[in-house]
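Novice: Here is what each chain is made of, one letter per residue.
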Amino acid sequence: MLRLAPVIALLAGASAGAQELQHLRTVPVPEKFAGHFAYDAGSRRLWLISYGPPANQQGPSKLMELDPVSGRILAEAELPLLGGFGSPVAVDGYLYQPVSYESKIYKIALGDRQHLGRIESVIPIPMVSELISGDRHEPLKFPWLEVNGITTAADGNLLIHASDLGELITLDRSTGRVLKRTPTMKGLGGIASIKTAGGRFVVLANLDPDDAAARDKARRFDVRAPEVVPWKRSKVTLFAHRPDEKVVMWILLDGASGEPVASIEDHPSPAFGSGVVVSGLSPGDGSYGRLTFLAMGPAGILTMAWDPPSGS
Amino acid sequence: MRSYKYWTIAIGMSVLSVGAQAQQKAPADNPRPGQPGHSSHMEWQGAYPTPESLRKFKFKRSLPMPEGFIGNLAYDSASGRLWLVSLGPPTNSKGPSTVYEIDPNDGKILAQATLPFKGDFGEPVFYDGYLYQGIFHESKIYKIVAGDRANLGKIEKTIPVPTLIDLKLGDEAHSYPFIEFGGLTLTPDKNLMFHADDVGELITVDRETGKLLARVRSLKALGGISATTGPNGEFLVLGNSDPRGGYCALSFPPALSRSPEQKDISWALLDGKTGDVVASIRTQNSRAYASTVKIIKREDVPGSPFGKLTFLATGEDGIIELEWTPVREGY
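Read top to bottom, the protein sequences are chains A and B. Numbering that gives the first Met the number 0 numbers the first residue of the first sequence as 0 and each following residue consecutively. Numbering that gives the first Met the number 0 numbers the first residue of the second sequence as 0 and each following residue consecutively.
With the rest of the complex left out, here is chain A:
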């Protein structure tokens, strides 16, 4: 966690006056489920997408629509995806599912339950070497961008978080062309964007410091790390979803500058530092409003709320 020390110090300071997180309810997910969820706040529809083998020992990757109250499976379809991947985003009847090691985002049909799971198109994600070059950057082991979080950009395109570069990158929703790059924090888990009542574009993100440190070291081959951090590269993507007690920080980022504007630490966290979807925004004490959001934890899909303080 040495690398994250300055960030943690910043966040600790930022969280001093923050209102506590609220855990409102939990929707169960199928037993032994390993994967992510997506939610469309407009239609109030909820989906799960499971990892493919060898990350998922239960069988092939599946897309499931769940009853958002009971967690009952309403429909399901098999997907050809393999391995572990980051959380997806549901937009306009499609699921956009990044698969980092393939440098692809799969556009998967959601809206029509009969065609659930049909892959409509594949959108390329730029490789690391397309974004950085020369010997000014740190060597990275893999050529692909590690994308753990994806959400909608202010203009309706796709906004991904390149975890290893620490950038929010706006991609054209059809072509994958890079439209904008914004430096921000490294090692984030999930991200979810929203426009506040004042019209400010902000991004709610989470950060599991242990997971972030593990991924950082796996990507950079650093051996000078605390021993509590796992090293096994082949497990690292799955580490965020460990059942152990963990710290998760919730951070509100300015969508334009990438800077953290508010944060709060949750310990022990019932949620993973992983996929997040904002399901509602209501007036709060601060200028951003009270965010209601969904996150995944060992118990299922959690509904949480946070009223980030202004000026923190």
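Take these hints with a grain of salt, some might be off.
Once the Cα atoms are required to be at most 20 Å apart in a straight line, the calculated EDC-like pairs of lysine to aspartate or glutamate come out as [what the hints assert, rightly or not]:
#1 A/K31 / A/E64
#2 B/K107 / B/D147
#3 A/K31 / B/D147
#4 A/K103 / B/E66
#5 B/K107 / B/E66
#6 B/K139 / A/E137
#7 B/K142 / B/D127
#8 B/K93 / A/E137
#9 A/K31 / B/E171
#10 B/K93 / A/E129
#11 B/K156 / B/E137
Output of the computed footprint for chain B on chain A, the stretches with three or more beta carbons under 8 Å from beta carbons of chain B [stated by the list, open to error]:
#12 46 to 58
#13 125 to 132
#14 173 to 180
Note that these hints are calculated values from the structure, not bench results. Where is the CB? At the ideal position from N, CA and C, for every residue including glycine.
Got chain A sorted already, so can you dock chain B onto it with the hints?
Specialist: Then chain B, alone, in the frame of chain A:
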């Protein structure tokens, strides 16, 4: 000889407890976790050195490598020709992946060609005019012209290799479908054997089709591997390992296995059929990285069970030539 074959270190990484272990002797039928007869990998650090064993491990000479080179080497013991293959961006920040033919006497570059490879990958092996270069994250081995200097670097074909899904690992979950391998060598029948870091296996595939032919459990976290034939026709595999890697259950990413701070490197002589360690030594203040290795020759030595191995590795000094007369592993 005082020997510490296995060191077990409690590292308190509950999620990765299996991964943080190296290997016990494994039956040839290769049971995986959850299967009858399975035994977990255990921490392995190699036999602790004694003055006697250190005298049997010698540095011979070094050759310079191209400026800023990070990558692996290949050697043809029949012709004495030597090649280097550099890693691709973003692992290599100096430029594109490049294959070099190097003069084995002075390290001068005789020829070079750019390759399209990206990121990190393991060592190549030379056979019959070609380099076989695994790119593990593509689940492919590239067959590259090397013998014909005029066509150096021309990719002749790609050979698919099995994935972790093909290994049917049972209860083990892995993030990526590809098998990560660093070490690559030839089997006695001239097929390809690679070391699968994450599962601790030596895996043999058909040289031209990539079909899975054999698997054997062995150490985890080896760097390079290089095969030879023993005095009685045994299939022997030389490998190296960074004890810190074993401790961390890491296999060997480039900057870790190639850092100047790295001091202790363990060398293992493995039975290529069973994966068992038959001899080992932990070298202190090692001049070699726990990375690519190529055996130049093996010579019989009276009274020695395996003879004397002369081999190439890489280190801060460049390409280095080492010599080891292994002593059979004992307790």
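Novice: Hints first: check each against the structure and report whether it holds.
Specialist: Results of checking the hints against the structure:
no.: 1; hint: A/K31 / A/E64; verdict: holds (17 Å)
no.: 2; hint: B/K107 / B/D147; verdict: holds (18 Å)
no.: 3; hint: A/K31 / B/D147; verdict: violated (54 Å)
no.: 4; hint: A/K103 / B/E66; verdict: violated (35 Å)
no.: 5; hint: B/K107 / B/E66; verdict: holds (11 Å)
no.: 6; hint: B/K139 / A/E137; verdict: violated (26 Å)
no.: 7; hint: B/K142 / B/D127; verdict: holds (11 Å)
no.: 8; hint: B/K93 / A/E137; verdict: holds (11 Å)
no.: 9; hint: A/K31 / B/E171; verdict: holds (14 Å)
no.: 10; hint: B/K93 / A/E129; verdict: holds (15 Å)
no.: 11; hint: B/K156 / B/E137; verdict: holds (14 Å)
no.: 12; hint: 46 to 58; verdict: holds (count 6)
no.: 13; hint: 125 to 132; verdict: holds (count 5)
no.: 14; hint: 173 to 180; verdict: violated (count 0)
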